[in-house]
Amino acid sequence: MTHLAQYRRPFWNTQPGYRFDPYGSTQLRSPNEALIVVPQTLSEITGPAFGAAFVRQGDNDLTRVASADAIGERIIVSGRVLDENGRPVPDALIEIWQANAAGRYLHKRDQHDAPLDPNFRGEGRTVTDAQGRYQFKTIKPGAYPWGNHYNGWRPQHIHFSLFGRAYATRLVTQMYFPGDPLLEFDPIFQCIQDVKARNRLIATLDWETTVPEYALGYRFDIVLRGRNATPLE
Amino acid sequence: MLYPTTSQTVGPYLHIGLSGLNCADLTAGLPHLEATAIVIEGRVTDGQGNPVPDGMVELWQADARGVYRHPDDPGFASAESQSASFTGFGRVPTEPDGSFRFTTIKPGPVAGPDGSQQAPHLVVSLFMRGLLKHLSTRMYFPDETRANEQDWILSKVPAARRETLIAHDTGSGILRWNVVLQGSGETVFFDI
Chain L
1 MTHLAQYRRP FWNTQPGYRF DPYGSTQLRS PNEALIVVPQ TLSEITGPAF GAAFVRQGDN
61 DLTRVASADA IGERIIVSGR VLDENGRPVP DALIEIWQAN AAGRYLHKRD QHDAPLDPNF
121 RGEGRTVTDA QGRYQFKTIK PGAYPWGNHY NGWRPQHIHF SLFGRAYATR LVTQMYFPGD
181 PLLEFDPIFQ CIQDVKARNR LIATLDWETT VPEYALGYRF DIVLRGRNAT PLE
Chain A
1 MLYPTTSQTV GPYLHIGLSG LNCADLTAGL PHLEATAIVI EGRVTDGQGN PVPDGMVELW
61 QADARGVYRH PDDPGFASAE SQSASFTGFG RVPTEPDGSF RFTTIKPGPV AGPDGSQQAP
121 HLVVSLFMRG LLKHLSTRMY FPDETRANEQ DWILSKVPAA RRETLIAHDT GSGILRWNVV
181 LQGSGETVFF DI
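Chains as they are written, first to last, in the UniProt record's numbering: chain L, 1 to 233; chain A, 1 to 192.
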């Protein structure tokens, strides 16, 4: 058990720090002390294996609650979950949640004065297939104001939560939309120093998954940490 | 070579999409746990001691034998995965007062670095509005003084801060373990 393959640590400026003053909520919630670097043990290289049993048919369609269609622009969001070596990650559980077309979350604490849509669930889940592929049908979320700074508005985004093979590869992120003028003013998007890494959170318009006369497709590939080729001691 | 996708905060409305996997009682419906159920209670507070009401706590642990339900654990037999067995995964949202509560079992020791055995522990992840990437920490057990002293991971933690990772026995079958995000008594967080 001395030879466990470690998952690589991300290159430092491709991930946000814990404290980012323009995003006010980080100020009291970021540790002052430096994180303690430890090797990954059996506890970190294992992780919950959810698999397809945790997902029901239709869980990846957010547009239909009862019999009526959700309001807004229908979109197909799809992509692949890969590791750093470009290998597909099968059986990755993906959970998503988002605001509706008017920019309102289905949550009692969302006080934004925009209409709720009784036919929009705002949440879904799916599991990647053997090639690491996933797909959701949803509604393009609206932008909405938040009190972080004067006239602050969050760009349109979908929250993603992923479980890969190991606890070390756990990831929560957000998908943004191309051409959104709010991106350059959003401290949550801007918290990532490396511009290329930041821009990888923006989906691309995807004609392959676009359904004619029905829904535009957006592609969003997600990369989880990969293992070092050579096991470390 | 690709680069891992960047982390982002879960935001304030995380429960919308993540409640489907909520599991506060890891022992539910499992008759053969080979261990007594324990309750773990705690509270998450920020740098001013205020509760974090919009967070989520996830835990991952081995079973009473010290085996993770995962094919990369040499002790795991895949046939087991077909039957109802201890999953080792828990997830709860924090309450308005920042509190969380799990019912689970004490895990057995699992292999550590350099051929050592790790003291029984839970791996814990914290998510919340204002956290751009989740925090990783561990909870150790108060009745394992000797194993804790010999634990390879705990030995990397400055002695004065180790107690932030060890739960307190309240004497009524409940273990108390608070998480302090910042400042005095700040919990130790790990870069894994």
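Derived from the structure by calculation, the hints contain no laboratory data. Errors might be hidden in some of the hints.
Mimicking BS3-like on lysine-lysine, the simulated pairs with C-alpha atoms at most 27 Å apart in a straight line are [to be verified]:
# : chain 1 : residue 1 : chain 2 : residue 2
1 : A       : Lys156    : A       : Lys106
2 : A       : Lys156    : A       : Lys133
3 : A       : Lys133    : L       : Lys108
4 : A       : Lys156    : L       : Lys140
5 : L       : Lys108    : L       : Lys137
6 : L       : Lys196    : A       : Lys133
7 : L       : Lys108    : L       : Lys140
8 : L       : Lys108    : L       : Lys196
Away from chain A, derived, C-beta distances all over 12 Å, residues of chain L [to be verified]:
#  : residue
9  : Phe54
10 : Asn85
11 : Arg87
12 : Tyr105
13 : Asn119
14 : His157
Ideal Cβ placement from N, Cα and C applies to all residues, glycine included.
We went through each hint and held it up to the structure:
no.: 1; hint: A:Lys156 - A:Lys106; result: holds, 23 Å
no.: 2; hint: A:Lys156 - A:Lys133; result: holds, 23 Å
no.: 3; hint: A:Lys133 - L:Lys108; result: holds, 25 Å
no.: 4; hint: A:Lys156 - L:Lys140; result: violated, 47 Å
no.: 5; hint: L:Lys108 - L:Lys137; result: holds, 24 Å
no.: 6; hint: L:Lys196 - A:Lys133; result: holds, 18 Å
no.: 7; hint: L:Lys108 - L:Lys140; result: holds, 21 Å
no.: 8; hint: L:Lys108 - L:Lys196; result: violated, 36 Å
no.: 9; hint: Phe54; result: violated, 7 Å
no.: 10; hint: Asn85; result: violated, 7 Å
no.: 11; hint: Arg87; result: violated, 10 Å
no.: 12; hint: Tyr105; result: violated, 4 Å
no.: 13; hint: Asn119; result: holds, 16 Å
no.: 14; hint: His157; result: violated, 8 Å
This entry does not satisfy hints 4, 8, 9, 10, 11, 12 and 14, going by the numbered hints stated previously.
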